[in-house]
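In our numbering, the protein residues as written are 779 to 909.
Everything labelled a hint here was simulated from the structure, so no lab data went into it.
Heads up, some of the hints might be wrong.
Unchecked claim - Derived EDC-like pairs (lysine to aspartate or glutamate); straight-line CA-CA distance at most 20 Å:
(1) K882 with D841
(2) K808 with E818
(3) K821 with E805
(4) K885 with E873
(5) K850 with E818
(6) K895 with E804
(7) K885 with D824
(8) K847 with D866
(9) K850 with E887
(10) K895 with E805
(11) K847 with D824
(12) K808 with E780
(13) K895 with D883
(14) K852 with E873
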Amino acid sequence: METIRILLVDDHSVVRSGLGQMLGLEEDIKVVGEASNSEEALKIIDLVSPDIILMDIKMPGMDGVRLTKEIKEKLPSCNIIMFTLHGDYLTQAVEAGATGYLLKDIKREDLVRAIRKVYSGQTVISENIQS
Numbered sequence: 779m780e781t782i783r784i785l786l787v788d789d790h791s792v793v794r795s796g797l798g799q800m801l802g803l804e805e806d807i808k809v810v811g812e813a814s815n816s817e818e819a820l821k822i823i824d825l826v827s828p829d830i831i832l833m834d835i836k837m838p839g840m841d842g843v844r845l846t847k848e849i850k851e852k853l854p855s856c857n858i859i860m861f862t863l864h865g866d867y868l869t870q871a872v873e874a875g876a877t878g879y880l881l882k883d884i885k886r887e888d889l890v891r892a893i894r895k896v897y898s899g900q901t902v903i904s905e906n907i908q909s
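All chains should be built: construct the whole structure from the sequences, respecting the hints.
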């Protein structure tokens, strides 16, 4: 079984910690790093070589949409899932190169399923904003 390598990028440490613990329960998912802002994310990305970055949109400094553009230029093979409270940045996120857009009210099992889908090459978008 292949292991899906995840980098968590969110300015709230409790979100990163909770996601790390939750995803750590899955045999095929490993959190390989965390970053609290775009600067940290850009520094760590080469060190941890993530398959997927689970990233918030609203962060101090560079926002997630702009960070997505930079990461896709630096590491085009990396998949990025926007993980946010805000449903109104879908178009910008997808145009920037995000392969997933999930709202933070998602159920645990749906998040895990979405990560696996993105890893297998699919695009995922929270159902309640797909209209």
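Do the hints match the structure? See the list:
no.: 1; hint: K882 with D841; verdict: 17 Å, holds
no.: 2; hint: K808 with E818; verdict: 19 Å, holds
no.: 3; hint: K821 with E805; verdict: 27 Å, violated
no.: 4; hint: K885 with E873; verdict: 26 Å, violated
no.: 5; hint: K850 with E818; verdict: 16 Å, holds
no.: 6; hint: K895 with E804; verdict: 15 Å, holds
no.: 7; hint: K885 with D824; verdict: 30 Å, violated
no.: 8; hint: K847 with D866; verdict: 18 Å, holds
no.: 9; hint: K850 with E887; verdict: 27 Å, violated
no.: 10; hint: K895 with E805; verdict: 16 Å, holds
no.: 11; hint: K847 with D824; verdict: 16 Å, holds
no.: 12; hint: K808 with E780; verdict: 10 Å, holds
no.: 13; hint: K895 with D883; verdict: 18 Å, holds
no.: 14; hint: K852 with E873; verdict: 16 Å, holds
The structure is inconsistent with the numbered hints 3, 4, 7 and 9, although it conforms to all the rest.
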